[in-house]
Amino acid sequence: MFQVRIHGRGGQGVVTAAEMLSIAAFLEKKYSQAFPSFGSERTGAPVVAFCRISDREIRLREPILEPNALIVQDKTVIESSHALDGILEGGYVLVNSSIPLSSCPKNVSLRCIDATGIALEYVGRPIPNAVLLGGFAALTSVIKIDSVIDAIKTKFSGAIAEKNISAAQVAYEKISGEN
Amino acid sequence: MSNFPLGNIGGTPTVQSDFARPNSLTGGHRGCQGCGEALGARCAIDAAHQTTGGKILVVNATGCLEVFSCCFPENSWSVPWLHSLFGNAPAVATGVAAALRSRGQDSIRVIAQGGDGATYDIGMGCLSGMFDRNDDVLYICYDNQAYMNTGVQRSGATPPLARTATTLPNKSYLGSDPQTGKNLPEIAMAHGIPYVATASIGNIRDLEQKVSRAINIRGSRYIQIHVPCPLGWGYPTAETIRIARLAVQCGLYPLFEGEYGKLVGSTPVEEPIPVESYLRPQRRFAHLFGKNVSANAVGVLQNIANGNMEKYRLNWEILDA
Amino acid sequence: MFHQLEGSQAIARAVALCRPGVICAYPITPQTHIVEGVGELVRDGHLEHCEFINVESEMAALSVAIGSQAAGVRSYTATSSQGLLHMIEAVYNASGLELPLVMTLGNRAIGAPINIWNDHSDAMSVRDTGWIMLFAETNQEAVDLHLQAFLIAEKVSCPVMVCVDGFILTHAYERVDIPSQEEVDEFLPPYTPRVSLDVDDPVAIGAMVSPDYFFEVRYLAHRRQMDSLEIICCVAESFWKKFGRDSGGLFHEYHTDGAETIVVTLGSVAGTIKDVVDELNASGEKFGVIALTSYRPFPADSLKNSLKNAARAIVVEKAFAIGIGGILFQEIELLMKNINVKIVSVVAGIGGRSITKSMLRECFLNKNSGENVFLGLNEDIVAKEYVPMKSHSCEGNVP
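Chains as they are written, first to last, in numbering that gives the first Met the number 0: chain R, 0 to 178; chain Y, 0 to 320; chain B, 0 to 398.
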C-alpha cells in the first residue's frame, strides 16, 4: 500500500487533490481511499488530506501517520503542522516552493516546484493542487500522468480543466527532467 | 348548532344549516359541553369538505381537539385524519401535500389544524417554515387563548391581564402581563402568503365563507378562529356563542382578511360595545373588577380594542367616511 | 458499475435509485453532502415524481417525511448528532406510527462540548426508539444497506436508520459499485402502503391510546421488530442473489471459527480491526471479528452462538453511557451471562479521536486488561483536570 499525505491551507484544493489522486488510481484499476482531516477549517487554515493506493481492498481507516509520500501545497505549514513527521525512509516529498527547501529530515527524494507560479501562469488562479499532482506522477511513478489528466477532467470541466491539465503537464515535464 | 334552520336567517344558507352537512367531526367525541373548539372545527372542516367535494386530508396537532376527538378505539372524524405531534403539524401537512404532488393528486386539499399552543408557541418554527416555502396547506388555528388540554396555562395567545393557571392574579399581579403576547395573523401576513384570515364561531357564515375561499387557494393559507372555552375562561357552557360575539363586538377579536401581506378587508362591528361587556361574564377576567383594582386595568384592554377598531377599520363610521 | 465516489455521493445515488417520492433536507455536518447530492439528482431530473423539500429544522425534516409517508409515498431524510436529538420526538413518532421511512444517520458526537467529529453517541441515544438500526462498515455497504433498508422497512412497516460513520465514511472517496436502475427496480418493488391517508377510504392515524391498549401496542412493536431479524436476513440473502455481494444481514463474521478472542464492533472501525487481526493471526494469535450490522433488532441468539466458544470477547465501541460505561458492552455482557467468556469493554474513537492499528494491537494483546478500557484517553489531561470529590462535600456548603 502506498500512502500519501497532502498538507496545505483551506482554499488551496488540498482535499480535492487527495480526491483526484484517488480517482487517478481508481482509473488504473487500483483500490484507493481519499479522506480529509475532518474539521471545520475555514479558508486559510492548515488542512491535511490523505490518500491510500493499493492493489487490494483498503480496510484501514486510521489517519496516515507514516506516509510514503508527502505533498506540501504551502510551505508555511511545514513547521506549524509538523508536515514532515512520519515520512518513511526512501519516501517522496514534493513541496510547492520557488526556492529550495533548506533541510529535510530523512533519506527521502525531495523536490520543490513553484506550483503556485505555474498555476497562476496557466490557470490564472493560485490553486496549486492539479500542478502538484502532475509533479507527483513524475516524482513517484505511482500513477501515470494520463490518469492524473483524466482525474482532473472528473473534477473540472471546459477551459478550467484544460488549463489545469496544461499546468499539470508542465510540472510533470519539469520534475521528470530533474529525475 | 343543533337547530338547523337558525343559520338560514337572511343571506345564503350555511353549511351547518344543511341537513346533508358532512359532519366531519361527528357527535360522541369527548369535548366538554359548550366546547367552542369542537364547534369551530366542525364548521371549518365541514365547509372545506363541502367546497372540495370531500377531497381533504386533515393533519392535527396534539391538543384538546386531538385528544377528545380520537381516543382509540373510538374516532369522531369522518375525514382522513393524521395526528403526529404537538409542535410539527405544519411540517407533517407539508409532507402530506408533497406526497400528493408526487402522486399528481393536486385536487386533494390539505388542512393542518391545532390550538393556539401548537400554533403560536411550540409549532411556530414549523408554521413559519411552511409559510416560508408557501406549501400548499390551509392551516387553521383554533384560538382559545391558553393551553386548555393541560389545564389552562398561559400561551402566546393569552390576552393581557387574563387569569390562567400559570398567571394566577394576586394582590400585586393582575394576570398575564400587559406587554406580552403576539399577533400571529399579522406574523402570518408578514410571510407574504396568499391568504390570512381571522374568524369567530360567533359568526358562522363568515367563518364558512373564509374557509371555503381559502381551501382552494394554492399556497399557504392561515385562518385563525376564535373559539371560547367555557372551562378555561369560566363562563356557563350555554354562553359560548354569545361570548364569541361579544369579543368581536367589543373590538378585541377583529375579523379581517389579508392577501399577500396586505390587509384587504374586515368585518365591521355594527354596534361597538365596551370591552367590559365581554370581560365581565368571564371568570378569567373577574379579578379586574374587584374592589381595589384601578379602572386602568380594564383600560389596558379597552385601548387594545380601540386600536383594533382603527387598525382594521372595524367602525361603520370610519367605513362611511 | 464501479465508481470512485465520496461516501455521501454514493449514498445519494443509492437513495435516488430507490425512487423516493419525498426527500427532506436540513443541513448538519457531516450528513450535509448526502442531501445536497440527492437534491442535485432531483433537480437534474434523475428522479421522477420526487419532491425535494428544504425545511427549517430537523424536527421539520422528519415530520415532513412522516406526513408524506403517511400519505402513502416513500420518503427519506438524513441527519447527524444534534439534529437527531432535535428531532427525537418525531423519531419515536415515526416508529410508533409504523411508517416505513428511511433515514441516514451520519454518525457524530453529541455536545456539549460541541464536537463535529465521528462517534456513535447519536445512534446510541436512539437505540430504544423502535427503529431498525443498521450500521455500515464501508461505503459499499452503506450503498447496499440503503437499497435493503427501504425493502426491510416496507416489509416490516417500521422505519430504518442506516448508520454511516461521519467523515470517516461520508467524506471518504472509495471504489463503490452502484447498481443500475433496472437492477434496483427488480430488487425493490414500488411502495404499497398498508394504511395511508385516502379520501376514498378515510382512516384516522395517530389516535390517543389508553392504558387498556397501549401496552399491547408497544409489545407488538417489540414482537414485530424481533421478527424482523428474519426479514433482515432474508433481504440480505436476496440481495446477495441479485447483486452478488454479502452486505447487510445481522452481522459479519471474520475468522471467528476457532478464535480465542473475538472483537465485536459497529461501523467502519471494523476494517482497521480486521487489518490488526490479520497481522496478529499471522504471528500465531487466534483472533476473530464480528461487525454488527443489525444493532436494532439486536441479534441476541445468533450473536451468543457465535461468541460462546471464544475465551474472550472484546467489545470495541465508539460511545459510552456516562454513569455506567460501554453500551454495546453491557448488552453483550448480559447476553453472555452464565457463559464462560470474558467480556472486555473498549471505548475508543470518542469525538473523533483516531483509532490506530498500533493502539488496537497493544490493547488486544493485553490479556490482563481490566474490563473497562478507555483506549486512546490522554491520561495527562485527565490527571491535570480531575479533582477527586471529597466525602465531606456531601455535608452542606463546604468550600
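I should point out that these hints are in silico values taken from the structure, not numbers from a laboratory.
Check before you lean on any hint, since a few could be wrong.
Listed next, the stretches of chain B that the computed footprint assigns to chain R, with coverage defined by at least 3 CB atoms under 8 angstroms from CB atoms of chain R [unchecked claim]:
no.	region
1	169-178
2	350-356
In the DSBU-like style, the derived pairs of lysine-lysine whose C-alpha atoms are separated by at most 35 angstroms in a straight line are [to be verified]:
no.	chain 1	residue 1	chain 2	residue 2
3	R	LYS28	B	LYS389
4	R	LYS173	R	LYS105
5	Y	LYS181	Y	LYS310
6	R	LYS152	R	LYS162
7	R	LYS28	B	LYS366
8	B	LYS241	R	LYS152
9	R	LYS154	B	LYS241
10	R	LYS74	B	LYS356
Here a beta-carbon is modelled for each residue, glycine too, at the ideal position from N, C-alpha and C.
Looking back at the hints listed earlier, which ones does the structure fail to meet? 3, 7
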